[in-house]
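S.K.: Could you build the full structure based on these sequences and the hints that come with them?
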Amino acid sequence: MELHRETDADTWEVEALLDTCFAPGRTALSSYRLRDDVPPARDLCLVARGRAGEVAGSIRFWPVRVGTHDAMLLGPIAIHPTRQGEGLGAYLIQSGLDRASGAGVKRILLVGDAPYYGRFGFRRLTGVTMPPPTNPDRVLGIWDWDGVTGDVTKAAWPGTCPYDTSTPDHLP
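With UniProt numbering applied, the sequence shown covers 1 to 172.
Source of the hints: derived by calculation from the structure; they are not laboratory data. For every residue, glycine included, the Cβ atom is placed at its ideal position computed from N, Cα and C. Mixed in with the good hints, there may be bad ones.
As the list claims (entries may be wrong) - Derived lysine to aspartate or glutamate pairs resembling EDC-like cross-links, with alpha carbons at most 16 Å apart:
#1 Lys106 x Asp144
#2 Lys106 x Glu54
#3 Lys106 x Asp146
#4 Lys154 x Asp36
#5 Lys154 x Asp37
Said to hold, decoys possible - Beta-carbon label-pair distances, calculated as ranges:
#6 Asp146 x Pro81: 32 to 42 Å
#7 Gly53 x Gln84: 17 to 27 Å
#8 Arg138 x Gly53: 32 to 42 Å
M.R.: This is how it looks when you write it as structure tokens:
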């Protein structure tokens with residue numbers, strides 16, 4: 001398995017993976033409204049490729065604002081159906097979190113299942129409101145959320161991600 005930073009050359013394969021893994025209406029979800037016309041924080045996004053070079057999984061991060069604070073929205077995370085159950089999802093999540101932490105990202109949120117994401121340190125966020133319809137019990141965050149409240153809105157940073165993402169393209 002090779003894990004590397006997502007590049008423009010990976011985009012069509014990652015989108016095909018997302019189409020394979022998620023329901024046809026995935027782009028109607030509230031998280032996607034925060035991604036419309038906003039490029040991902042590409043330096044934090046990762047792609048896992050199998051021995052034959054096929055995309056086995058991916059994880060993406062998107063810049064958002066929560067009230068007046070910067071944050072990253074984690075997701076989607078996708079694992080090809082033939083590779084599920086191998087621990088690749090957990091590996092991508094932990095690698096993505098390590099990369100984001102090393103780059104100086106202060107807070108990450110996602111919409112997901114607390115029992116699964118809790119093992120990585122995510123906890124339910126109170127006072128943080130995703131666009132509807134989102135179940136507030138599924139809005140989870142990690143790291144520096146003390147005193148951070150408000151609506152989650154789009155945030156586009158001109159140019160590159162403002163965090164230090166000078167970690168290697170190919171990860172161990």
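S.K.: Would you say the C-beta atoms of Arg138 and Gly53 sit inside 32 to 42 Å of each other?
M.R.: holds (34 Å)
S.K.: Decide if the proposed pair is consistent with the structure: Lys106 and Glu54, CA atoms, cutoff 16 Å inclusive.
M.R.: The hint is violated at about 32 Å.
S.K.: Keeping to a limit of 16 Å between CA atoms, is the pair of Lys154 and Asp37 held or broken?
M.R.: holds (9 Å)
S.K.: Does the Cβ-Cβ separation between Asp146 and Pro81 fall within 32 to 42 Å?
M.R.: holds (39 Å)
S.K.: Does the Cβ pair Gly53, Gln84 satisfy 17 to 27 Å?
M.R.: holds (19 Å)
S.K.: Check whether the Cα positions of Lys154 and Asp36 lie no farther apart than 16 Å.
M.R.: Roughly 8 Å separates the two Cα atoms, so the pair holds.
S.K.: Measure nothing beyond the straight line between the CA atoms of Lys106 and Asp144; if it is 16 Å or shorter, mark the hint as holding.
M.R.: holds (6 Å)
S.K.: Taking only the CA atoms, is the gap from Lys106 to Asp146 under or equal to 16 Å?
M.R.: OK: Lys106 and Asp146 at ~11 Å, within 16 Å.
Going through the hint list in order, the structure does not satisfy hint 2, though it satisfies all others.
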